[in-house]
Structures are given as structure tokens and as C-alpha cells.
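Asker: As a plain string of letters, each chain reads:
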Amino acid sequence: MKTPLIEFQKVSKRFNSHRVLDQVDLTIYEGEITTIIGKSGSGKSVLLKHIIGLLTPDEGAILFRGQPVQKMSKSERDRTFSQISYMFQSNALFDSMTVFENIALPLRETTHLSQKAIEERVMARMEQMELADVARNYPSELSGGMQKRVALSRALVIDPKMVLFDEPTTGQDVIRRNAILSMIAQYQRKFGFTAVLISHDVPDVFFISNRILALSDGKVVFQGTPRQFEDFEHPLIDEFIQSLEDFQEHLTGIQSKRQFRLRNQMGLRRKGPQDSYVVALFTLQDFDQLCEHLGHTRGQEVLNAMGAYLNKHFGAVGGFSARQSKNQFTTFLPFSTLSEAERILKTFALDLQKEGLRTIQAEAHISQEMCFPFAILAGFAESKAEGEEIDLVFKQAEMMQNEIARVYCEVRR
Amino acid sequence: MDKQKFFTSPVTSLGSAAVRWVNELGAMLLFLVRAVLMIFHAKQFPAVVQQVYFIGAKSAVIVVFVGLFTGMVLGLQLFHTLVKFGSAGVLGTAVALSLVRELGPVLTAIMITARAGSSMAAEIGIQRISEQIDALDTMRIDPLRYLVSPRIAASIISFPLLTAFFDLIGILGGFITGVMLMGLNAGTYFYHVRTGVEMEDITGGFVKAVVFAVLVSMICCFQGYYTHLRRDSYGAKAVGLSTTSAVVLSCVLILVADYVVTSLLL
Numbered sequence: 001m002k003t004p005l006i007e008f009q010k011v012s013k014r015f016n017s018h019r020v021l022d023q024v025d026l027t028i029y030e031g032e033i034t035t036i037i038g039k040s041g042s043g044k045s046v047l048l049k050h051i052i053g054l055l056t057p058d059e060g061a062i063l064f065r066g067q068p069v070q071k072m073s074k075s076e077r078d079r080t081f082s083q084i085s086y087m088f089q090s091n092a093l094f095d096s097m098t099v100f101e102n103i104a105l106p107l108r109e110t111t112h113l114s115q116k117a118i119e120e121r122v123m124a125r126m127e128q129m130e131l132a133d134v135a136r137n138y139p140s141e142l143s144g145g146m147q148k149r150v151a152l153s154r155a156l157v158i159d160p161k162m163v164l165f166d167e168p169t170t171g172q173d174v175i176r177r178n179a180i181l182s183m184i185a186q187y188q189r190k191f192g193f194t195a196v197l198i199s200h201d202v203p204d205v206f207f208i209s210n211r212i213l214a215l216s217d218g219k220v221v222f223q224g225t226p227r228q229f230e231d232f233e234h235p236l237i238d239e240f241i242q243s244l245e246d247f248q249e250h251l252t253g254i255q256s257k258r259q260f261r262l263r264n265q266m267g268l269r270r271k272g273p274q275d276s277y278v279v280a281l282f283t284l285q286d287f288d289q290l291c292e293h294l295g296h297t298r299g300q301e302v303l304n305a306m307g308a309y310l311n312k313h314f315g316a317v318g319g320f321s322a323r324q325s326k327n328q329f330t331t332f333l334p335f336s337t338l339s340e341a342e343r344i345l346k347t348f349a350l351d352l353q354k355e356g357l358r359t360i361q362a363e364a365h366i367s368q369e370m371c372f373p374f375a376i377l378a379g380f381a382e383s384k385a386e387g388e389e390i391d392l393v394f395k396q397a398e399m400m401q402n403e404i405a406r407v408y409c410e411v412r413r
Numbered sequence: 001m002d003k004q005k006f007f008t009s010p011v012t013s014l015g016s017a018a019v020r021w022v023n024e025l026g027a028m029l030l031f032l033v034r035a036v037l038m039i040f041h042a043k044q045f046p047a048v049v050q051q052v053y054f055i056g057a058k059s060a061v062i063v064v065f066v067g068l069f070t071g072m073v074l075g076l077q078l079f080h081t082l083v084k085f086g087s088a089g090v091l092g093t094a095v096a097l098s099l100v101r102e103l104g105p106v107l108t109a110i111m112i113t114a115r116a117g118s119s120m121a122a123e124i125g126i127q128r129i130s131e132q133i134d135a136l137d138t139m140r141i142d143p144l145r146y147l148v149s150p151r152i153a154a155s156i157i158s159f160p161l162l163t164a165f166f167d168l169i170g171i172l173g174g175f176i177t178g179v180m181l182m183g184l185n186a187g188t189y190f191y192h193v194r195t196g197v198e199m200e201d202i203t204g205g206f207v208k209a210v211v212f213a214v215l216v217s218m219i220c221c222f223q224g225y226y227t228h229l230r231r232d233s234y235g236a237k238a239v240g241l242s243t244t245s246a247v248v249l250s251c252v253l254i255l256v257a258d259y260v261v262t263s264l265l266l
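Each protein sequence line maps, in turn, to chains A and B. If you're matching positions, the first sequence starts at 1 in our numbering and goes up one per residue. If you're matching positions, the second sequence starts at 1 in our numbering and goes up one per residue.
Rather than coming from a laboratory, the hints here were simulated on the basis of the structure. Keep in mind it's a predicted model, so treat the numbers as computed, not measured. Errors might be hidden in some of the hints.
Computed, partial: chain A to chain B, Cβ under 8 angstroms [to be verified]:
id: 1; residue: F15
id: 2; residue: I52
id: 3; residue: L54
id: 4; residue: D78
id: 5; residue: F81
id: 6; residue: S82
id: 7; residue: Q83
id: 8; residue: S90
id: 9; residue: P106
id: 10; residue: A185
id: 11; residue: Y187
Backbone N, C-alpha and C fix where the C-beta goes; we use that ideal spot for every residue, glycine too.
Between the sequences and the hints, there should be enough to build the whole structure, so can you do that?
Answerer: Here it is in C-alpha cells:
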């Protein structure tokens with residue numbers, strides 16, 4: 001069993017008479033993205049401040065790689081906490097410093113590196129984060145997304161083992177919100193840090209998270225995978241999920257995964273046990289490279305346009321679609337047999353190649369000059385109404401996936 | 001019950017105000033001690049130099065103007081007064097002593113409060129409300145060490161220097177009105193400046209300047225640093241009020257401290 005990077009054992013914290021954290025037990029594993037969700041005032045930020053050492057618990061213990069932080073010497077504690085970075089909701093950049101100075105600040109003030117070494121390290125990080133061109137600019141001269149990247153660069157310049165993100169997407173529109181989440185996931189993979197996020201963006205945040213922690217009234221009421229969270233019964237979870245059922249999935253304009261499951265179950269209930277249905281799975285291949293090449297905002301716009309296109313096409317034949325994962329969509333065809341579905345998909349593939357990809361690119365504001373070659377894969381599987389679990393059907397469909405359309409770039413950059 | 005409250009509530013409010021005031025005084029003292037101790041941190045030198053430039057060098061122009069006109073007014077007023085007693089010759093001593101002992105340190109401190117003190121409070125206050133100070137905490141950079149200590153150190157360096165500058169320019173101002181406009185002999189003026197002012201007077205002026213430097217920088221930084229704890233307002237308005245409080249409190253305390261230091265020195 002792997003040792004958690006951070007472990008809370010019966011941690012309690014109160015401010016005056018108000019108990020903010022109440023006997024909290026939680027684990028955060030190395031190299032994963034853990035998302036903390038909960039209502040306002042449920043103690044999420046207080047919990048993050050305990051992780052970074054800005055607050056100490058009144059009761060209980062916090063363990064870092066199995067070592068109780070309270071029992072560490074001051075130098076050990078400083079060493080431990082210096083491996084953790086914090087990214088503020090507002091970015092908290094120093095507005096009177098340039099981008100370069102902002103990123104260099106933690107190195108200048110907390111290390112004994114030479115000026116040259118600091119310069120090299122900051123420039124290297126800025127190049128990795130595509131910020132080299134704005135090194136001399138002030139934060140107020142940058143877009144919101146770029147400011148986020150500067151804040152992330154500052155957090156990453158000390159090579160932390162862990163980065164804490166306090167509501168990184170608050171106040172952003174749906175495309176930007178998903179672009180920021182996608183950026184966090186990309187850099188987390190690239191630099192290998194452990195990420196802990198506070199976010200209200202359910203279900204968007206599920207697509208990048210390995211684990212979900214739900215806080216309610218200072219207690220951890222759930223710890224597990226996003227998939228387990230959807231099936232968990234708790235008033236707080238109901239509150240989150242209810243909002244999903246009321247609305248369509250914000251980014252793609254199609255149904256949420258849970259709504260999809262419910263509708264799927266209702267559809268199957270109306271069928272006889274031996275009646276069949278078909279599930280199709282679509283994957284936008286090379287999505288990460290697409291984001292890297294065209295930017296995370298455009299990447300999200302491609303997903304948005306693709307969701308709308310699927311909905312338009314399959315809605316006409318009684319199907320409904322949902323976003324399955326970061327770059328996958330599922331479509332449920334309740335009234336089709338396998339052969340009918342095959343025919344429908346063939347027509348869809350032709351339309352997609354002929355017209356659809358151009359529409360998707362236009363919707364995502366991708367001009368011919370900035371063209372990036374990407375492909376769409378599709379696979380489908382048939383099951384009986386009382387057949388196997390829907391997740392197994394998705395797996396079968398995934399195994400059957402083939403390329404059905406591809407963007408070819410005439411103009412090479 | 002209401003009657004009882006009517007009599008007790010003023011006492012209660014007075015008591016709680018006194019407790020709050022003592023608390024704040026204690027907090028300010030601790031704030032000062034911690035910040036002063038961190039002046040000697042290895043990485044402070046560039047930040048102190050930068051602040052000396054901002055608080056000291058950039059205040060020089062305003063100090064020249066105020067010093068010049070203060071000296072000129074003093075020269076004019078004292079000349080007319082001294083002529084009545086037939087002792088216009090001691091104008092140099094009168095101008096120099098007034099400036100070196102009192103007006104130099106006090107007016108310089110008030111001018112720097114208006115120019116640099118207000119900016120210290122506002123800058124730190126904005127950094128507080130925009131979470132920049134919290135960001136320093138998360139980066140393991142002590143905000144007191146990074147933001148406050150250099151300002152206190154720079155004030156301690158700049159105030160006496162600017163006071164000396166003010167005194168010098170003021171004496172020249174007295175010369176302009178007393179000698180150049182009123183026709184007093186130049187040699188007499190400078191002779192009385194040289195013989196009338198003793199080393200103790202200069203030292204006393206510098207002691208005052210250092211006391212004012214510590215007071216002004218501490219009050220202005222403290223007001224900005226704890227902007228978020230104000231009870232009367234939040235956000236940008238709180239920064240505005242903190243800046244006002246910083247300037248008003250600094251000016252009042254400069255005059256109070258001036259009396260205390262003068263009575264101790266004499």
C-alpha cells in the first residue's frame with residue numbers, strides 16, 4: 001500500500017467558538033490531482049492552510065510522508081513546507097513587478113542561488129509555460145489566462161512536490177474555466193507535482209481529478225474517485241448532483257454524465273429485457289497536443305463545438321450524448337439495432353469528414369493558418385436492456401474504436 | 001435594567017476603548033520590535049537602498065522647497081521682531097536655532113509623512129487586500145522582513161539626512177530675506193549662525209529626526225499591514241481610511257513626541 005504524501009488524522013480546528021474542522025481524516029497521494037469540494041464556509045480554505053502550514057491544528061496530527069509535522073524540528077518543518085506551493089484564486093501577483101520579477105521572487109528571497117542561476121531557472125520555466133515574450137510586461141498588461149500561467153510559474157519555479165490551488169477557476173466563463181483546468185492537468189503531468197484543488201466546477205473538475213474529497217460542516221464526508229462520488233449518497237452530494245441534473249453540461253451543451261446515466265436507465269426500463277440498444281463512443285485524438293499547440297481555450301472550444309455537433313446529429317434519430325471523459329463523448333442510441341447504428345455512424349462519419357470538422361474548427365476560431373491535424377475516433381457496442389453494466393458497454397465500444405475523420409492541414413507552420 | 005445600562009454603558013465603552021487602545025499599542029510595539037530585529041537580515045541591503053531612494057532621495061525636492069520658504073519666512077518675521085529690540089544682528093542665531101532644534105526635524109518629518117508615509121500605508125494596504133501579503137507567507141517570505149523592515153531602516157537613514165538638508169536650506173532662506181532683501185550684513189548673519197548653534201543643538205535635532213523616523217514608518221506600515229482588520233470599512237475604502245489614519249496619527253504623534261524629546265533634552 002502506498003504511503004500518502006499528506007495525511008490528516010482526526011484534525012480539528014476552531015476559531016473562537018466556531019469549529020471549522022471537526023475530526024478530519026484524509027489522505028492525499030503523491031502524483032495525483034485531488035479536488036476538494038464543499039459549500040462555502042465548509043472549511044476548505046482552512047484545510048488548505050493547514051496543508052501549507054499557515055495554520056496548525058488544535059487537535060489531531062498532520063503527517064507528511066508518514067512523519068508527523070508537529071514533531072518535526074523547525075528546520076525540518078521549513079524544509080517540508082518549502083516543497084509546497086500555493087496558487088491563489090486572485091493569482092496574488094505583485095502588480096508593481098514585471099512577470100520576470102514575480103516569478104523570480106521566491107528564488108531571490110528564499111534561496112542562495114546566484115543572480116545568473118536565478119535568471120536561467122526563471123527563463124527556462126517561462127519558456128516551458130510560453131511566457132518568455134511577456135517577461136518585461138506587468139501583470140495588468142496580460143490576459144486573465146496569462147496571469148494564471150504567471151501565478152502557476154511562480155508556484156512551480158521552486159520545483160515543489162505539491163501545488164495547492166484555491167478555487168483557480170472562480171469567476172471565469174465556461175470555456176476559460178475548462179481551459180484553466182486543462183492547463184493544470186497538462187502541467188501536472190509535465191512537471192509531476194501533486195495537485196490539490198478547491199473547486200466548485202462539478203462535473204468539469206471530475207475530468208482531470210484522480211480523487212475527490214467532499215467537506216461538509218467541517219467533516220470529510222467523502223473520499224474516493226469521481227466515479228464513486230457520483231454514486232455516493234449524502235445530502236451534500238445530492239446538492240451538487242441536483243444542480244447537474246437541472247442543467248446540461250455547461251461546456252459542451254450536452255447532457256451531464258449523471259443525467260446521461262439516469263436517462264439511459266429510464267430508457268432501458270421501458271424496454272423489454274431482451275431489447276437491445278447501442279452505445280457509441282467518440283474520442284478526440286491528440287487532444288493534449290491540440291491544447292498545447294492551439295492553447296487551452298481553443299481546445300475547450302473544439303470540445304464545445306464537437307458536443308454541439310454530436311447532439312445535433314444524433315438528436316434527430318432519438319439519441320442523446322454526454323461527455324464521458326476529458327476528450328470522450330458517449331452517445332446512447334435507444335431505438336437502434338447494431339446494423340442500424342452502423343449505418344447511422346457511417347453517414348455521420350461522412351458528414352463529419354465532409355462538413356463537420358470544418359464547422360467544428362470554425363466554431364473554435366481555428367483558421368487555416370493555425371490548423372492542427374487531429375482525428376476523431378468512434379466505436380460502438382450493443383447490449384441488451386438487462387445485459388451488462390453500462391461501463392462495460394463503454395469499454396467494449398472503446399475497444400472497437402477506429403478513426404472516422406481527420407483534419408488535414410494544407411498549410412504547414 | 002435600562003437605567004442601570006444608561007449609567008454603565010459609557011463606562012463600558014470607555015473601558016473597552018481603553019483595552020482596545022492598549023492592545024493596539026502592544027501590537028504596534030511588537031510589530032516594531034520584530035521588524036527592527038529583521039533589519040539585519042542578509043538579504044535586506046538592496047531593499048533598504050531602494051527605500052532610501054524612495055523615502056529619502058525622492059523627498060529631497062519637497063524638503064528643499066519647504067525648507068527654503070520656511071527659512072525665508074523665519075528671516076522676514078524675526079528680522080522685523082528683532083529690529084524692534086535693536087538686535088537684528090542676531091538674526092542668524094535665531095533662524096539657525098529655530099530650524100536646527102525644532103522646525104527642521106518637525107517639518108521634515110511632516111513632509112515625509114505626507115509624501116512617503118501615506119504611500120507606505122497605501123502600498124502595503126493594497127498588498128494586504130489583494131492577497132499579496134498572504135502570497136508572501138505561502139512562499140515562506142516573512143512579510144514583515146520583506147515589506148516593513150526595509151522601510152523602517154530607510155526612514156532611520158533618510159530622516160536625519162533630510163533634516164540636515166532642510167536646516168541648511170532654511171538657513172540659506174533666512175539669508176535671502178535677512179541679508180539680500182532686508183540689508184543685514186552677510187558676515188554678521190553667518191557669524192551668528194556659527195557661534196549661536198552648538199553641537200548639542202544639532203545632536204538634539206538628529207535625535208528627534210530618528211525618533212520621528214521610527215514613529216512615522218512604524219505607524220504608516222502598521223496601518224497598511226493591518227488594513228484588513230479595520231472594523232469601519234473593507235477593501236479599497238479601508239485602504240483609504242488606513243492611509244488617512246496613518247498620516248493624521250503620524251502628524252499628531254510627531255508633535256507629541258517633539259514635546260517629550262525636547263523636555264528630555266533640555
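Asker: Could you work out which of the previously given hints the structure breaks and list their numbers from low to high?
Answerer: 1, 7, 10 and 11
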